[in-house]
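K.L.:
Chains as they are written, first to last, in our numbering: chain A, 239 to 634; chain B, 239 to 634; chain C, 158 to 530; chain D, 158 to 530.
Don't read these hints as lab results, they were simulated from the structure.
Worth double-checking, as some hints may not be accurate.
[What the hints assert, rightly or not] Among chain B residues calculated to face chain A with C-beta under 8 Å, some are:
1) 503
2) 572
3) 596
4) 599
5) 602
6) 621
Computed from a predicted structure; not experimentally measured.
Glycine residues also receive a C-beta, built at the ideal position from the N, C-alpha and C atoms.
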Amino acid sequence: MQPLNTQHDLENRIHDFLATHDPGATSKLDFLRARFDAGLAWLHYPPGLGGLGLPRDQQPIAEKAFAAAGAPDNEPRRIGIGLGMAAPTILGFGSEEQKQRWLRPLWCGEEVWCQLFSEPGAGSDLAALATRAVRDGDDWIVSGQKVWTSMAHEARWAILVTRTDPDVPKHQGMTYFVLDMTAPGVEVRPLRQMTGEAEFNEVFLTDVRIPDSQRLGAVGEGWKVAQTTLMNERVAIGGGASPRESGMIGVLAQSWRDNEKLRDPSLHDRLLTLWVAAEAARLTAQRLSAQLAAGQPGPEGSAAKYAFATLNQQISGLELELLGEEALRYDEWTMRRPDTVDFVGRSPGYRYLRAKGNSIEGGTSEILLNIIAERVLGLPGEIRTDKDVAWKDLPR
Amino acid sequence: MQPLNTQHDLENRIHDFLATHDPGATSKLDFLRARFDAGLAWLHYPPGLGGLGLPRDQQPIAEKAFAAAGAPDNEPRRIGIGLGMAAPTILGFGSEEQKQRWLRPLWCGEEVWCQLFSEPGAGSDLAALATRAVRDGDDWIVSGQKVWTSMAHEARWAILVTRTDPDVPKHQGMTYFVLDMTAPGVEVRPLRQMTGEAEFNEVFLTDVRIPDSQRLGAVGEGWKVAQTTLMNERVAIGGGASPRESGMIGVLAQSWRDNEKLRDPSLHDRLLTLWVAAEAARLTAQRLSAQLAAGQPGPEGSAAKYAFATLNQQISGLELELLGEEALRYDEWTMRRPDTVDFVGRSPGYRYLRAKGNSIEGGTSEILLNIIAERVLGLPGEIRTDKDVAWKDLPR
Amino acid sequence: MSDELLYSETEEELRAAVADLLADRAPWASVLARTETAEPYDPELWKALGTGIGAAGLLIPEDLGGAGASLREAAVVAEELGKAVAPVPFLGNLMATELLLAARETGNGTAAIAEDLLRRIASGETTAVIAIPFSRSPDTTYKGRVSVTPWPPREDPHEARLTGRVTSVAGAQPADVLLVPSDGSIYVVQASDAQITPVTTLDMTRVLSDVEFDDTPAQLLAIRYEPLSKALLAGAAVLASEQLGLAEQCLKTTVEYVKTRHQFGRAIGSYQGLKHRLAQLWVQIAQARAVARYAASATGKEQEIAVAVAQVHCSAVAVQAAEECVQMHGGIGFTWEHPAHLYLKRAKSASIALGSPARHRRRLAELVELPAG
Amino acid sequence: MSDELLYSETEEELRAAVADLLADRAPWASVLARTETAEPYDPELWKALGTGIGAAGLLIPEDLGGAGASLREAAVVAEELGKAVAPVPFLGNLMATELLLAARETGNGTAAIAEDLLRRIASGETTAVIAIPFSRSPDTTYKGRVSVTPWPPREDPHEARLTGRVTSVAGAQPADVLLVPSDGSIYVVQASDAQITPVTTLDMTRVLSDVEFDDTPAQLLAIRYEPLSKALLAGAAVLASEQLGLAEQCLKTTVEYVKTRHQFGRAIGSYQGLKHRLAQLWVQIAQARAVARYAASATGKEQEIAVAVAQVHCSAVAVQAAEECVQMHGGIGFTWEHPAHLYLKRAKSASIALGSPARHRRRLAELVELPAG
């Protein structure tokens, strides 16, 4: 194959691929598999694993070309954890065999992945986790409880961090596995949230057997492997350009424009203050994208998530105050199992409640501020008393 | 003398005193000295030291009676540090001789007192102070620098905390003295603040001799003695009832009422929000007074000071925004030496700048919040690494 | 003079009785469980509180069988109910009582109707509520969408017929009697004669209903609306104390949690970031206590100012306390199986109920002469 | 497309040149010392910046002797000037330049006057400012109190006489030429013909003056006000970048201080309370950078929106940064002998200058169709 030196070369390659694979005449899965095998899936992945080893910023060119041709996509929102967290970790730490086994069905959306990291006793302090894995011949026997697991009820595979050595300091005694969610001893229970529905799950592991061949990274190196997973999560949360009045501020602004009766002049200044805050956050995300594209990755990802959470909470709070009587009502408490968060389609009360999760899930606002303070501003860390103590002796 | 069992008895006693001491026919100082000697100065002090050993809540009766008779007062604002901080410490830790020497001229306003506690390197962390006192026969020789000293340029005496033993942990090596401000080696320099004026001073001590007879409390017990001083400061800052729209909010509200042109409707909601916050703080201070009068002292003193600082800053900030062009101007940068803070009489810009000191002087807002969190809510303290280390080995 | 800002011994005894009852009968888990049943208000609890402790007839004079107490005592009960987000129609019944007490004074021949109802409320036989949207503030010029026949009404007691609809009424479901403001007058309707439909409510512990009248028989209670604003003002005063109680409970729960929850080898309550926020909340709550006490004590024009101040301040504090409670509990605070959401929903709804903070600030602007433009 | 939100290499080179100059000629101690002299603006510094680096003629086309640059480059200069609270009339001169550039386009025969002035500004011979109160926002319908003879003015170039007073003009003291909006038209006045009286100013590093005209000779520059609003809008855009620079400097100084200041045996910057506030400030500043860049790049109606957003956001961020700088420095930050107060005074004044945040929000409400009532 010719090297791809220009955008034009890449476009030609896709054009050739589409000439031999008509999206309209191929089943979705066959098409996606062929796209993967042609190295046109995630372009920055190595050849043979769905990519061509190109720079990351080439990806939009491919997405645009495939979309223009009416090609099916791999429903990226549904398999977000696989794409964003599992895949880069497998790529970084997996054996050749593991990469071959998992990456293709992952990218094609055949196998959904979930993430088994957080525990009731280990949230922000993930390294305190207690799920035990004990070696037994060629297997490990795993017991413990994981929580806040999106998609566990639909997932075939999970990435899992366990404690394999409780006698050493907490960061040293962890090991990282891939878990078959259909294995005996895996129980998934919905975790209902204050909105009434259950996006997440608790996962109970009782003497679950995992073959050692599903370990990622060395025994005791689970923390290092998990860092790769989490770093990729934060990049994914980060930036992206969106049009003005996207998201919640658009709902609020439209509601103000549409209902002259609701326009309480004493709320006008606060509405505009939030409008400006939303526009500032939007331009900042856009600047971040431009920086990333220009090869200047910045630490603004954590800031963007923090700002997003704060804004969503303030905007939805003001919306209820504005609506008055309507805000006293709710749409539906029935326990449901949505795949994604629908901020715009549901009631104002739902927006208000669901936004409360934005400052907790995927890193609390407090942890994000710690990260900015310590890693960006270089402020000294807290005095730590837990770094040199055996995990089993930690206060909890 | 008859015991005073009722308010009526006390009023009679004052009536009798006034019958023999006509305020109009006596010099101010003579009158105040006679009032002190009659035990009618600070009623809760012991007989012989200006009091009658009565409960604290009797004092307003006396103040009212003397004011009604047109008697001169001791200008309590001018001698606030003496009355509020030095006197209770002398009463608590002074020898009989020390009490006799200092309390009468203090109360009568003949001798002004100041406080030499804070240092450039020891602000919130007072116990870190570095001013050294070294024993030399019957004297101590003191060198160091103190800062943020009100009235040092008018004071005859100072209360002073020094380090006498640098080889023990910081809380254990301090000793408390009374310093003669006219002694050789005491140099007072005005400390100019951002408003342009200088309310405070820096005081430089160079080989100043203090007789051991001016020590308060035992050698090495300076921290304990200083606690008494500071506790009394906080009580003094605490409560007090005041009418609605007292202080800064009154200035802002009046300015809104008087200048129809300035009424920017988009600032109206914020004006009212601050009006409510000021009224809430006022009612809270009033409730605190009622609690104290009813013998239920609460920890609300720190909260009141915190709320006062926050409010003053927000109100004065809004005032400038409201005034527009006028706020771009200032009244006077000339370096002056005022005795008291005149929030109301000076320009809006002065109010804005001077209010910035409210969250720093007499305990920063951060320290007050720490106090509330730890002493009221019982939250665990920070991990301390400085408690068991010799003062000389502390990081600084 | 300013002792009115403190609690009397009698008030503390009343508080203890209510607190004991709620600890026994309304632990949060059963409050939560009830929210998804057909009977979201707890009739047994209301009976024990209303007639057992006498909370239903608290404001009713002794000669009508009540306790002859004031809004101050009612406010103390509300504090405890707020702490437990208790599902009882105390607030609605209290406002109805205030309305009836005011109607009794207007003397257009309907005093006997009011007295009869007050006697029945005091005895626990009847629970009454005002049929008005819960979001209405005391200074609202309420019109509503209920029409009356005959119109205009005569001054003397008479029967009438009501047709129309009132939305989002608090406490209507467990009420026996509805007091219906319509077209400038106020009527008494038997709850069983109206159609009361519970709606899905943000605050699951104070379910609202839509109430429909269709040529429904009614009795004139008051020819004018004065008693209505008086009742809503009293309700707003007492609601401020309920918000205070809720905020106190949120702070208490949160402080307990952050003392025991460890992350990175330390109790999370030892981190200064959380400490400062909790201390600020405590300062706000101490202020809420002062303004709520004052709102329950003041009279005349001073009452209007005090209630507006208390509603602005306590609404914000309760919401802040509930939001901090959720956030500082982390993941667990976002789940259905933890009480934090009950407080959050109550706090946010209560802040809108009986007038939003912005509305109360606007009213205050009139009262203290700080016009908008 | 969104590269406009980044800095170009040329811009970074310009920044470095300005930063070097300021580090050398305007350390804060000499800025402070100058504030109590009779010459609060620094003529030597302005000369070095204006003609040495070319900042005075930045916006002026090359054929008139300028650099032919855009507001983007001017904004970068303003960032550095904000970091140093430098006492130079850069902003005032920039607005006058924008006004002259716009007047040159209106083509009522006065283009030659505008061009002549632009040439002199670019060469450093002349510094010009607009005689208007510094608090005026771009959307103000400005009337002022200066009267003109003859009135109404003819369209063609002519001499006139001005009488009246303009208060609180920024940068008038070091200016040679005043552009005076009066009664709907704009006139050129030699500064030496007017009476310019410096006033005591909150921001001691940008002293204001009152300007008095008494039958003062003037030349018509523009028959209408359009060039004025264009100039004020450009000024507000560039001021946002000055505010950004100031905020960055406050954060930097404060972070350095809390790393080295020890209390209770620890650097105070290790306490989570301070850490979280500084991190929040950093987030705000990162946003300020994006909105300020956008305001310096946008055109047409988009420019109006972008400038209003930037003024609202950057005003608040600069004030917040300066206030945190004072507070986190503790006692020393409250003294005259520490630069914090210079930043605080500049930040608060700048937030009011060219329209307060509330004013810009009101303008924004019109632009994005979110009416008040």
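K.L.:
Now tell me if each hint is right for this structure.
P.N.:
Against the structure, the hints:
Against a cut-off of 8 Å between C-beta atoms, the interface hint on residue 503 of chain B holds, since the closest Cβ of chain A lies about 7 Å away. Below 8 Å, beta-carbon pairs count as interface contacts, and residue 572 of chain B has none with chain A, the closest being about 38 Å; its hint is therefore violated. Restraint check, residue 596 of chain B versus chain A: the minimum CB separation of about 26 Å is more than 8 Å; hint violated. Hint status for residue 599 of chain B relative to chain A: violated, with the closest Cβ pair at about 26 Å, above 8 Å.
The beta carbon of residue 602 of chain B comes no nearer than 18 Å to any beta carbon in chain A, farther than 8 Å, and the hint placing it at the interface is violated. For residue 621 of chain B, the interface hint holds, the least distance from its beta-carbon to any beta-carbon of chain A being 5 Å, beneath 8 Å.
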